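Engineer: Sequence:
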Amino acid sequence: MSTPKTWVIVGGLAAALVVTSSGSDDREARARQEIIVQRDGPAAGLWISQDRSPSIVPDEIIVKYRDTVTEPVERLLDRGQSFRSATTDASDSLDALRTKFGVRSARPIFRAAVAGRAGSGAADQTVVRRQQAEKIEAARRRFPQRATRAGTRDLPDLSHVYTVRLAPGSDVAKAAAEFGADPHVEYAHPNFRATAQFVPNDPYYQTSGSWGQPYQDLWGLRKLGTEDAWSSTLGDGIVVAVVDTGLDPTHPDLAANVWTNPREIINGVDDDGNGYVDDVTGWDFAYGDNDITDRFGHGTHVSGTIAATGDNGLGIVGVAPHARVMAVKGLDDAGSGSFDNLAAALVYAAQNGADVISNSWGCPFPCPSVPVVEDAVRTDHALGAVVVFAAGNASMDVVNISPQNMPEPIVVAASTNLDQAAFFSNFGAGLDVAAPGAGENVPPPDVQPVRGILSLKAATCAPGLCPPELIVGGNYLRQAGTSMAAPHVSGVAALVLAARPSLTVEQVRQVIRLGSDDAGDPGFDERFGYGRLSAAGALAQPAPLEALGFASWLLDYGVGTLPTTWTQIAGASTPVPAGGGITSWDISTLRDGVYTLRLTARNVSGQSYEDRQRVTIDNTFITDPPPGGTTAFRGGDVITISGTAAPADFSHYALVVRNRAGIVLGNAAISLTGGGLQRIVNGVLGTWNTAGVPTDRYTITLEVTLTDGSIISETTAVIVDPTLHPGWPKALGLSGSGIFILAITDHVDAADVNLDGRADLLVGYGNTVRIFDHTGASLPGWPQSIDPDGTTGDVIQKSPAIGDLTGDGQPEVVASTNRGRIFVWSSTGILLPGWPFNHGGGPNSVGASLPGWPRFLDSGTTLLSPAVVGDVDGDGRSEIAVIDLFTPNNLYLLGSDGTTLPGWPRTINPSAPDGVYYSYPAMGELDGDSTREIVVGAADGRVLALNADGTDVPGWPQATAGVPVNSPAVGDLDGDGSPEVVAGLTGVIQNGALINLLYAWHADGTPLPGWPVRYDGPITNSFFGVSAPALADLDGDGKADVMVSNEAPDSLSAYAVNGTVLAGFPKPTINIGAFAVNTPAAADLDGDGLLELAWIDFSGNLYVWDLPGGRSNPRPWPMFHANARHTGRSDPPQILAGSDFQTLAGSILSGSYADTRKSDNIREVLQTGRTRSTTQLQHTWRFDNVPAASHTLVVEGFRPVNSAGDSFRFSYSTDNVSFSVIPGAVVNFSTESRIEVPFGPANLGRAVYIRVENTVTSGPKNRTLSIDYLAIRTVPSSGP
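Numbering-wise, our numbering comes out as the position in the sequence shown, counting from 1, plus 127.
Hints are not guaranteed to be accurate.
What the hints assert, rightly or not - Below, a list of computed lysine-lysine pairs in the DSS-like style, where the Cα atoms sit at most 30 Å apart:
| no. | residue 1 | residue 2 |
| --- | --- | --- |
| 1 | Lys227 | Lys301 |
| 2 | Lys857 | Lys301 |
| 3 | Lys227 | Lys857 |
These are computed hints drawn from the structure, not numbers from a lab.
Since this is a predicted model, take the numbers as computed values, not measurements.
Starting from the given sequences, assemble the full structure and let the hints guide the process.
Structural biologist: Below is the structure:
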């Protein structure tokens, strides 16, 4: 495939440039973050997820279908009709995608849904498209003056664009990519969420210092020279739409300028036929009604800057005080909104007559292309509306943010009262101008001095936007952001159009640019664009490039984003019609890099007008594994590297692999396509066979050597780990609203859900509960949604619990939502009758409908930890411990009847600063009295252990490094029969460096030798420090190890009982751990008798690793909250339930008992406290999944020689009532011992109960007796 040599430059002289390639070649300068040069419009499904991912609406994608789909998609789905029957090529590709991603519905974004089920005569897509086009054309006719401003511009087809709802838990990114690749789809992308672009967290026209600032209250208007502008116009007759959070129509300084729809009255009828009933003052796209009331405060503030009423003796005045403001509510009452709603809001504004459309919202994170909004912006521009966008507040280049990186909108940065660039403002060559958006960020005033733009305060205003210290005079508010800058430009655009209504939208842009005051670096720069906005200057400009005044045009280019030298491409003294070809550009000799195209036009008076467009020529890149992040692979995988290596002056290329130390893997098994001697265009560059490659982080670099010997390179990062289980990691997908991502908390859990002898992973996140087997596949009947219709707003962040609630021997799955609804499903995903149940107690109650419940613990607002359940006071009944996570963190102990026990609550942090401290309580038997104690961490670094009466256990509390302690775990690490306490800290700063510390103590409070342990690697974050621990024998040495995540790049660590790092740890991971209260989970997922380790990172990646430790080895606290039932307690060691053993039917045991194949070894501790006492432990074994033949139950064990002569007796029962001693089953295990009991086929599928009794035979003792291993299995009766 050859490289195109030229690019055709097209476009009107006053229009922004459009750059497309010539020829039939279907590749070239690729669309990436900087790219402007593209073929065939926006790339299908193009969107970028960087370290901080854009927020998306879960289970939704935006899809624009091509004309090859001949029916409205919503009607196809409504009828259950196949796509194959409605595509011109009779293809079933869309049917396959529909099935794969469980498509539930499709909602048209820019038109009403087409009615008509099977048998109706509803129109096909051709008719629908024509009707949509006629509707747009009607808007042209209805507003003829505005239509002349657009010139001759093609309108995008909006009739075939849909919000497609997928099955709960769908991988949205994958769905968007696969839909976008289908030939019947023009584009597909996630339904991103935008946020208001303010910085988080008439008397005034004459005054200064109203909030202690050393400048005028309305300094922004003064800077613009509005008084001079007002001598020409006040904005009469101009409608400015504000797409935002709505507005306060009752504000006395705005009410007179609120737009009303002259064709609509409140009567429940769509009088004007625009598709919106009773939209008298606008429309609310966030909630789908006609209530445009602002309950957040952002839209009202923006509207006041544009058109607050002037000369009324009240408050402030707007830039265009006689313009009218159309309220189009696209953001919700929390200041965020989905892009499908915002796109519809943009088109509504233009269809209903807006001359200017002001937008102070956008992606809070990089989103270089969002086609659905781009279509809407192009439509508004083509209808003659001036579209204004805030540049954004992320201090990033606007080239990374759509639609701000489009040529159509006027893009506005923020400047200060000193004509300096606001520190938060986005920047870049795509800016048009800067405008007042912030005060100087130094006192006075002492409180938030940067918030220096005064405007209107809505009657209902979010506390985060309108804290008391920012309110001025009761009805007014000071704020900061490019959100405040953009409405200054919108107001000036209204003044310009009111004074000169014949100007085109691009002429409006030019007079705003040329009339601006130079600020920042001389001339055009990336912080101010063409200058700081001036209303007086814009109105003083002559009409740009009137036909009789045109003199010449020149197109040239320069290297970089701000070239200092330019090379001419072409020029002429004759005009070029809009949309006509200007010239071709030969790029065959240009090296990869960023270039700027500049089009300059001059009139006969010597006045110059210009437009710039940044272009990236990039013929050296990797597409897979995707750069910009890290991809994890299992050791032994063959990694395919794809991309393009075809720059000018190409000689050859290579793929170079380096480890984290930067050392080149000289023996890497790299295979290059064509030996690296030929150009590769959008194809496979080569492969890397990772067999034998050690666990590490690696970079794969594409190095292209040019003919002069220089090298162009691009790198992508990967993890190679042979211990990753096949099929993992798996991306769960993050949910959230605006800049807020829903945290994944209280995970991970593992349990045998389908009773196949293998543990499964349970995940509850977003609106979905998922259960995975060891391959990553969902169990039959799963996932299940907690909000299947999207109507309740329920979300889940916590792992479900599992247990047999119905007594049928089958487990049920229990999940609780943020709205207090409790769901119970069968193991196959069937919702049990009577569920979900709403406990109605809110966040400050626990319990269900048993007598005494729910129990309200405090009259104030509380946030309760998961409950811990166990017998604390020795009465034989369980108590419940729960802590309020809000300070002062009262810890409660409740009886089973809901009463608070004496001595409780215990206040854990009486003097800590206000906040939330995530230390969940745990239970364990610390003092040898057979009752459990409660362990919890404190904000001042103490770890407390408390008795049943709330007093301190002797030896406790223990001090750490003086920072908050995260959730502890309790379990026996050293094998002495007594538990240890393990807890990590939040981030600790020592000698100026951030470190992570993990502590361990014996039950009496003495530290374990080798502890605390310190993670000495680089700590890259400071969110939570060291997570809650899990305890399990990972390496098979018979002693439990400690697993935690920290805030380092290699986040998952494991330590032996002596504090040393386990071999194979820390694990390299894509991101840090998900949250402080999460733990890893150790369980046998694949049934091989060995453990796997599961864990979730901050990006929502679920990992599974293979481990050498057997599942019958100690696991005193192997997962979140100790077990899948979430009891939060460490029990004395017991023989594990039968489902935790491997059924080794037909296996032959041979070799020594130390043979590593004896994977069911278990360490057993029996404690006795009186003479000749008998402690009974019981094990239940089911004869399932074994051949129908006679079998022998084999019990094997070994312990060190015991001079005391203690012995153990084994009995069995099939009814759990009558037990028979197994012949020869009284053993002391001083030597390797084996006892057997035969069972016939009639016992298959039945439970057999094994009782273990310890008899102390050598006199009074108070001691602990240990068995090094105890294995119970079935073998054929004919076996040994």
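Engineer: Determine for every hint whether it applies to the structure shown.
Structural biologist: Hints versus structure:
1. Of the supplied pair hints, the one linking lysine 227 and lysine 301 holds, its CA atoms being roughly 11 Å apart against a limit of 30 Å.
2. For the hint linking lysine 857 to lysine 301, the alpha-carbon distance of about 12 Å falls within 30 Å, and the restraint holds.
3. Proposed proximity of lysine 227 and lysine 857 is supported: the alpha carbons are some 17 Å apart, at most 30 Å.
Violated hints: none; the structure is consistent with every hint.
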